[in-house]
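Trainee: Chain residues, written in single-letter form:
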Amino acid sequence: MASYLAQFQSIKNSCDHVVIAVEDVSDLWPNIKSRFEERLPFKRASLNNKTRNPVFVENFPAEFILTTDSRLRSRFPQEQSLFWFREPYATVVLVTCEDLDEFKTILKPRLKLITQNDEKEWFIVFVSRAHPSNDNAVKMAKKVYAKIEVDFSSKKRERCCKYDIHGPEANFWEDLESKIMECVRNTLDRRVQFYEDEIRKLTEQRFMPESLAFMFEMAHLYEDALREYDELELCYLETVNMPGKQRDFGGVDRGDDLAALLNPENKPLAQIVQDDSFREFEFRQYLFAYQSKLLFKLNRPYEVASRGYSFIIGFSQALTLHENMLPFCMREVWVITACLALINATASPNYDGLVALEIEKEFFRLKGDLYSLCRVKFMRLAYLIGYGTDIERSPVNSALLSMLPWPKPLVWPSVPPDASSEVLEKEKVILQATPKIKHFGIQRKPLPLEPSVLLREANRRRASLSAGNMFEMFDGRQNSSDGSASDASSRMPLSNKMNVISMLRTNSSPGNFDGSVDRPMRLAEIFVAAEHDLKHTISDANLWKALSSVEEFEQKYLELTKGAANNYHNSWWKRHGVVLDGEIAAVCFRHGNFDLAAKSYEKVCALYAGEGWQELLADILPNLAECQKMLNDEAGYLASCVRLLSLDKGLFSTKERQAFQAEVIRLAHSEMKHPVPLDVSSLITFSGNPGPPLELCDGDPSTLSVTVWSGFPDNITLDSLSVTLTATFNADEGAKALRSSTATILKPGRNTITVALPPQRPGSYVLGVLTGQIGQLRFRSHSFSKGGPADSDDFMSYEKPTRPILKVFKPRSLVDLAAAISSALLINETQWVGVIVRPIDYSLKGAVLHIDTGPGLNIEESHVIEMETFGNISQSSTEMAKSNGTQNNCSPSYKKEFQQLKLQDGRIEFPAWASDTNSVLWIPVRAINDKLPRGSSSVTPQKQSNLDGMRTIALKLEFGVSYNQIFERTVAVHFTDPFHVSTRVADKCNDGTLLLQVILHSQVKATLTIYDAWLELQDGFVHTGQGSGRPTSDFFPLVISPTSRAGIMFSICLGKVIGKDEAEALQPESILNIRYGIYGERTNGAHPPVAVECTEPEDARQDLIFKSAIVLQRPVLDPCLAVGFLPLPSTGLRVGQFVTVQWRVERLKGFEDNGISEHNGEVLYEVSANSENWMIAGRKRGHVSLSTNQGSRIIISILCVPLVAGYVRPPQLGLPNVDESNISCNPPGPHLVCVMPPALSSSFCIPP
Amino acid sequence: MATTACFIIVSRNDIPIYEAEVGSATKREDAAQMHQFILHAALDLVQDLAWTTSAMYLKAIDRFNDMVVSVYVTAGHILCICDFKCYRDKKTGENGE
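The listed protein sequences derive, respectively, from chains A and B. For the first sequence, the working numbering gives the first residue as 1, with consecutive numbering after it. For the second sequence, the working numbering gives the first residue as 1, with consecutive numbering after it.
Bound-form chain A, shown alone (with noise of 0.2 Å):
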């Protein structure tokens, strides 16, 4: 069987084409070979896979072959099916013949025995060497072809073409290589099922699958050849783990430690061979080899990453199970190199943009997978060695390491004799070997790198022989270096050696080798150990190299977990990725390289906190701290700090806590030269108090509190202090910020602050940002805590606060003055005047109110100013008469308050009490009005006019908080005589006795009591009798309703004229004197007038006079001229047409009573007309003479047309220089006269 591996692999390694044999009957091939390996090779073939379905390949290759080439002919035929791979899979039969005899009898013959061989695939190829001119040679070859066709070709199949050598038809080599294709088609077919066939019947014959597989290769049907190898490592493994079936696993050989899962010529395939299987170990590796190169044939360099992390995986696993025959820490060994070969091999930049985004992210991750698989094995094997010291004790490295067990060797290695110098220096780093001191102190446990101590597993291991049996140990030793003679016997008197050396150190128990053993190592001892025993494992000079040093290590470790890095993040697997990056920081940061750490921490702590793990992040920010500290960057380096503060309170412990701070305030006060602005949301959060925002009115000012967090541990001093208010409503106007006027402190938790809040814009303002100043720190912090305690958890949130902390409110109406009432006021007497007050939904505390009266308007300054509360007059009247009729449950439910206020420079100041209700100010004023009140009569009509007893109070409400609110409304109030006097004669009788008869009308709401009137009769007039011109006291007191009238009878006569001297200094006019008192409310308007002493008792009557002037005439009883209008033409009047309109003018009195001024008897006239209406010709004014003899008359005519027919005013005559009262109108003339429309002028009528 050995020598079958040998010929196998040898013809594997040679051949990798399929050959197609060349049976040169007619010695044509020397001729023609080069124009048929032109073709070579096949652009495109067809073939069967196993499964019998068509694959197109590619540049197939293949090689002829003569059939008397000594590569064929040396062969047995059929030597061996094993091989039967190599055979050629076509025959293509050469011939020509120019003759059919010759045919006939010598070459068709030999061609019969040729294709009488079954097992081949054959088909002939004529070859015409007849010139195109030899047309008789031509038809020759012809002839000889028809015959070869009928003889050899079926109609199943095509078996023949000719070939012109002096110009191919067209389609020949097209038809030549469908005829080769179909015959290695053919031919691999009939194999396949010979080698499926052959394994079915020899299941324990393991090399067919292989043949295949290669055949597969052969044909370049890679997958198909993959799927083989595939089923042979399962068939393998079957067989490999039978019970009973357990073999050599193998891997002990020299070199065995580097790993050849790439490299299929690692050990000729004789070597592995044991028995009738393979030693696990190499076999394993070898067919893995195949696989992968497969794979990288079929570019897919990603499957090889794939399939080969798992193979490590697993094999890892089993060399676990064979660890104690191993040499020490091979398992580790194997796993590097094997990492480090697969990543080498997939590292070719060819592969990439091959594949989609989903498998290169794939790609990526596993190659990051191998990259960190190969860094932990490193790590370990460097631990071993003694460089934990310089393996940064981070948790992923803890993580990895402390979980991963121990190596099992069967005896943990022993010191090497002479190794004492390197044993010191071991120890030396191991003293001097510091643990690192983290900056702000802060002490942690270091976290573990080791499974369970080191000493201890190592003297265990060595112990766990039993002590007594030494010879069995080197019996175990023996066999576990069975294979190895070499390593067995270069192990074993080290052994010896150290054993003597220990024993007479130690010298406890003389004699016996088992007190040498029982001594336990130390560290410094098993570092030398492993050293030396992994020298002896380790064949890889770099990798050897790689540990040789810390420095190497370091740099070693450092490629590693860059790989690593870079992987995992073109994986998208952040997390991974940046884990590592915090271990390269680790190590640039302990050779000082701070600017790359720092950098490299800064991408670790973005992201734990933004993803809020937290104790990760306590774990690599003091890290990130100290870097930005060296860097002298000193903003990065406070941020740290705030953030440091800001994490879980539970982290650190208060005094590592009250570092932090104390670096935050050092630096504030200190070190800065600018100020550094720096965001403390996570620690400073803020929040407006819970409940309802405060509400504004507009342009009230206030003060805000607001509570404010701090995540200091201790008391912290603000030198200012400011937080901004941010309007909702409008995005475009910036934050207004408020500030705390004085240093502020802050105790950690909860407090309060309180800031002045000056009057806002109308709308609802939220908090904006908190900024404040420690030292030269600028702080700010956006962060608006839930406004819950401490025990919320410290979620932060970074949205926007919705909840309003303040509304203020558009502009409004926030308080009402308005009159109390409508109705009029005495003039010329103290009255009061009432003003409510009606605050609107706002406190009026402290208000104060400036009253300025316009002209002709006093306030009683000597007067209190009285204030009550004020409910709606209307409805506490109509519930007082209801409690007096029916219940008293229904009394208001205000208290009543009154008080008694003074005018100060205009102004007066409202009580507490009035800050909140309604309230009425009575204000005794005073309307002066100098004239006497006229009294009307038909001759002189009373003007209506209001405006006369109008006067106005200017009013000034100055308040809110701090007199920032201002109301001003000017109030009218309307002041008038108690009555308004009108006249008439009532009768005049015979004897020239006048009633004159005076109306009383009651001008105010009150009742009006009239103890006394009299009347100073003007010049003229006298009173009948010898009367004083009183009437008779009886009817007094005479009480008149509000609004209603009374009248009063005179009875006078006329008197005696006087002279015109004499008269100027008596009284043009009458005037009527009334006393009379009034009772009224001060609530409904007049009232008795406000006393300036109160001392008088209530019921004290008071009279009031009031004085009317009355102007009477004397009456005109005899006009001395009479017009009359004269009747119009009995015709009617019509448009256009003239008319004479006449009037006659008599005088009924003579000349000598005259009251008229005349001009020699003439009299002036006037006729006024509508001109739209009338037409007047003739004089329209002018003068006409008359008699001044009684009884003379005279006719005025005007001629007249009239313009507009219907109802119209005729013209009237009027005399100017006449008094009205002279002249007697009877009859009086028409008011309206009738005006027919004009006559139809028939000459414009045209006859049709």
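FYI, nobody ran anything at the bench for these hints, they're computed from the structure. Warning: the hint list may mix true and false statements.
[Claimed, not checked] Straight-line alpha carbon distances no greater than 20 Å define the calculated DMTMM-like cross-link-like pairs of lysine to aspartate or glutamate that follow:
1. A:K649 - B:E19
2. A:K162 - A:E177
3. A:K574 - B:D48
4. A:K574 - B:D14
5. B:K85 - A:E450
6. A:K361 - B:D48
7. A:K649 - B:E21
8. A:K408 - B:D66
Since the structure of chain A is already known, use the hints to place chain B on it.
Mentor: Relative to chain A, chain B alone:
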């Protein structure tokens, strides 16, 4: 056998919102970080795996030597992650690799 497990609930934006360590073993000082580290690293796998399957229980998605990480993903993509020690047959040895 004294063992410890860590259960953690991770919000949609990968922030741990609940953490509980259960088990009979005395709490190691460094264990908290270790658990956090292992669970945090497992998020990388969850992010890849969660969208490829309709199952909510992702079973053991990650192994860290003898620590097994198992994940349940809620409909709202809140993760309930648990890691615990998995003691295996001694013969198979380490199973993390």
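Trainee: Run every hint past the structure and note whether it holds.
Mentor: Here is what the structure says about each hint:
no.: 1; hint: A:K649 - B:E19; result: 16 Å, holds
no.: 2; hint: A:K162 - A:E177; result: 13 Å, holds
no.: 3; hint: A:K574 - B:D48; result: 12 Å, holds
no.: 4; hint: A:K574 - B:D14; result: 13 Å, holds
no.: 5; hint: B:K85 - A:E450; result: 17 Å, holds
no.: 6; hint: A:K361 - B:D48; result: 10 Å, holds
no.: 7; hint: A:K649 - B:E21; result: 18 Å, holds
no.: 8; hint: A:K408 - B:D66; result: 17 Å, holds
Of the numbered hints stated above, none is contradicted by the structure.
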